[in-house]
Amino acid sequence: MIRKERIDRGIKVRSDDIYAISSYREILYLLLPRVIPVLCLLLLPTLLGSYYERVIIISCLMGLLALSWDLLASIGLFSLGQAFFFGVGGYASGFFSYQLGLPVPYSIVLGTVSGALVCTLLLAPVLRLKGVYFSIVTLAFPLFFVRIIESTKILGGTEGITGISPIGNSWIELYIPIFVFLFSLFGLRRLINSDYGIVLQAIRDNDRAVISSGINVYAYKLECTFIVSLLSCFSGAFMTHIYQAVGLSAFALDYSLLPLTSAVLGGVGTFAGPAIGTFILVPLSEFLRVFGTLRVVFYSVILFLCIVLLPEGIFPFLKRKYHQIERFVEV
Amino acid sequence: MLEGKNLIVFFENAIAVNNLSFYVNKGEIVGILGSNGAGKTTLMNTISGLIMDMKLKEERKGGERITVLGQLLFEGKDITDLEPHKRVELGIVLSRERHPVFLESTVEENLRIAACSRRPKESRIGIDFVYSIFPHLKTIRKRRAGFLSGGEQQMLSIGMALMTKPKLILLDEPLLGLSPILQKELVRAIKEIRDDGVTVLITEQFARPILPIIDRGYVMENGMLVMEGKGSELIENPEVKAAYFGV
Numbered sequence: 001m002i003r004k005e006r007i008d009r010g011i012k013v014r015s016d017d018i019y020a021i022s023s024y025r026e027i028l029y030l031l032l033p034r035v036i037p038v039l040c041l042l043l044l045p046t047l048l049g050s051y052y053e054r055v056i057i058i059s060c061l062m063g064l065l066a067l068s069w070d071l072l073a074s075i076g077l078f079s080l081g082q083a084f085f086f087g088v089g090g091y092a093s094g095f096f097s098y099q100l101g102l103p104v105p106y107s108i109v110l111g112t113v114s115g116a117l118v119c120t121l122l123l124a125p126v127l128r129l130k131g132v133y134f135s136i137v138t139l140a141f142p143l144f145f146v147r148i149i150e151s152t153k154i155l156g157g158t159e160g161i162t163g164i165s166p167i168g169n170s171w172i173e174l175y176i177p178i179f180v181f182l183f184s185l186f187g188l189r190r191l192i193n194s195d196y197g198i199v200l201q202a203i204r205d206n207d208r209a210v211i212s213s214g215i216n217v218y219a220y221k222l223e224c225t226f227i228v229s230l231l232s233c234f235s236g237a238f239m240t241h242i243y244q245a246v247g248l249s250a251f252a253l254d255y256s257l258l259p260l261t262s263a264v265l266g267g268v269g270t271f272a273g274p275a276i277g278t279f280i281l282v283p284l285s286e287f288l289r290v291f292g293t294l295r296v297v298f299y300s301v302i303l304f305l306c307i308v309l310l311p312e313g314i315f316p317f318l319k320r321k322y323h324q325i326e327r328f329v330e331v
Numbered sequence: 332m333l334e335g336k337n338l339i340v341f342f343e344n345a346i347a348v349n350n351l352s353f354y355v356n357k358g359e360i361v362g363i364l365g366s367n368g369a370g371k372t373t374l375m376n377t378i379s380g381l382i383m384d385m386k387l388k389e390e391r392k393g394g395e396r397i398t399v400l401g402q403l404l405f406e407g408k409d410i411t412d413l414e415p416h417k418r419v420e421l422g423i424v425l426s427r428e429r430h431p432v433f434l435e436s437t438v439e440e441n442l443r444i445a446a447c448s449r450r451p452k453e454s455r456i457g458i459d460f461v462y463s464i465f466p467h468l469k470t471i472r473k474r475r476a477g478f479l480s481g482g483e484q485q486m487l488s489i490g491m492a493l494m495t496k497p498k499l500i501l502l503d504e505p506l507l508g509l510s511p512i513l514q515k516e517l518v519r520a521i522k523e524i525r526d527d528g529v530t531v532l533i534t535e536q537f538a539r540p541i542l543p544i545i546d547r548g549y550v551m552e553n554g555m556l557v558m559e560g561k562g563s564e565l566i567e568n569p570e571v572k573a574a575y576f577g578v
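Each protein sequence line maps, in turn, to chains A and B.
One point on numbering: in the numbering used here, the residue at position 203 of the first sequence is 203, and numbering is uninterrupted.
Here the numbering used here = 1-based position in the second sequence + 331.
One thing to keep in mind: the hints can contain errors.
In silico DSSO-like pairs for lysine-lysine, Cα to Cα no more than 30 Å straight-line [said to hold, decoys possible]:
(1) A:K321 with B:K408
(2) B:K388 with B:K357
(3) B:K498 with A:K4
Per label pair, the in silico range of CB-to-CB distance [what the hints assert, rightly or not]:
(4) A:E330 with B:E523: 45 to 51 Å
(5) A:L44 with B:E395: 33 to 39 Å
(6) B:E395 with A:V308: 41 to 47 Å
Far from chain B by the CB rule (all over 12 Å, computed), these chain A residues [as the list claims (entries may be wrong)]:
(7) T46
(8) K130
(9) V308
Source of the hints: derived by calculation from the structure; they are not laboratory data.
All residues carry an ideal CB built from backbone N, CA and C; glycine is no exception.
Produce the entire structure from the sequences given, and follow the hints as far as they go.
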């Protein structure tokens with residue numbers, strides 16, 4: 001009788017947090033999967049031309065949304081309203097730039113931080129909710145803001161704020177999103193494996209057990225939400241300055257669904273997964289423009305096939321294949 | 332009635348059940364004794380077919396690869412690759428470890444859920460049968476299962492297994508975490524179930540309460556059978572005494 005065997009070809013010596021590196025082969029084995037995507041991301045835009053430069057910027061900003069969705073998911077809060085963070089960040093930076101006339105860097109930083117504070121304050125009362133209840137509340141938040149802006153006509157009403165000053169330098173416009181994206185990707189991957197991140201994961205698994213080991217779950221959730229809001233609000237604030245306008249479309253459902261679908265496509269809880277997912281989905285929707293109105297159909301079919309055929313997600317699958325040799329053995 | 336030939340179960344590269352051959356005759360109570368991690372629960376899952384489900388899920392997730400080798404015969408038929416729900420139709424029912432019940436439903440609803448594969452009239456008779464074996468369940472039949480004590484949940488869990496009218500009932504550690512009085516009560520019930528014509532295969536870590544009622548017993552260690560014999564023989568055996576009686 002025959003069965004398939006898996007052998008790890010991973011690092012031979014591995015202490016807690018430090019890799020004991022013994023040879024160039026091991027160093028390469030470790031570095032290649034990290035260095036190649038980073039180099040690609042840094043070099044590709046200069047080769048591809050200005051249209052795809054724009055696609056990469058948008059992918060990075062959407063990637064930030066997806067990363068923050070994944071952080072929220074790793075504490076057990078499945079958000080359906082990433083557009084809420086995105087829109088608040090966008091409107092905040094639009095407000096600082098247009099109404100107060102602040103220069104671009106200040107308006108982005110202030111927009112990010114104040115937007116994050118607003119989001120955290122608004123979400124604070126609902127953080128006690130779990131599962132589908134939290135999802136529903138977050139789904140309602142963007143709609144709530146849209147109606148408020150529509151009816152009170154603050155912040156430009158239905159027309160939004162236009163004529164916001166541009167970033168100016170195209171290099172800054174390109175590389176700031178890329179660096180922030182890479183920094184948050186590797187930072188979050190490190191964070192989730194630190195002691196702090198382990199508590200977050202424990203809260204997702206069993207929050208009562210965490211409470212009974214004397215940890216304030218609510219505080220952890222609040223901090224986590226603040227980090228999430230920072231990342232997503234930055235994405236919104238930057239996008240405002242790229243488009244030089246912010247409108248009600250910043251609260252659109254697309255910005256809520258794209259992070260979710262890319263996380264599911266790439267593999268939830270891995271951070272690299274959502275990142276890969278956005279870098280597949282955003283360019284994909286650009287390539288599919290040739291199909292005109294049928295674009296959404298093809299997009300959905302591809303998404304459907306990926307999720308059915310690879311339910312574990314692209315990243316966990318690739319990771320497994322990279323680390324393991326499989327072979328048949330006789331029993 | 333049930334026969335396993337050279338059963339081997341792998342969890343990835345770790346072997347959980349190693350070349351196990353055993354048989355269960357009709358109308359017997361057969362005990363499988365072993366410490367934690369001996370492979371008792373895996374064996375139970377293999378017999379009830381739950382392992383097929385676990386295998387499918389893990390494969391989809393890309394998790395651990397589960398391999399089942401060997402042959403399982405039930406009443407002369409090969410059931411090695413049969414899905415778990417079909418095995419229930421054949422009459423093999425598992426009452427799982429740590430008494431899983433539907434916490435939000437009442438006791439009687441739980442029993443009715445368990446009987447959903449049968450006709451309503453039969454389900455009524457089944458409920459009466461369960462109440463006759465566990466009279467205590469009748470007094471608490473309107474209570475939600477989440478508010479029951481561990482022992483009551485265990486009774487309910489065995490009752491739910493009985494609702495499908497099994498020929499062979501697999502009890503996975505039914506005495507886990509129960510007080511000696513409740514253990515005695517359950518042992519009496521198990522005997523009564525056997526007297527009613529249901530064959531019982533039971534796993535246990537603590538041999539003391541069940542050894543007197545079992546007809547035959549197997550002792551497992553690290554996935555392998557190390558000893559087998561009649562219940563009375565096992566009681567006399569010095570090794571079993573040392574390992575499972577703490578003498």
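Legend entry - Hints the structure fails to honour: 1, 2, 3, 6 and 9
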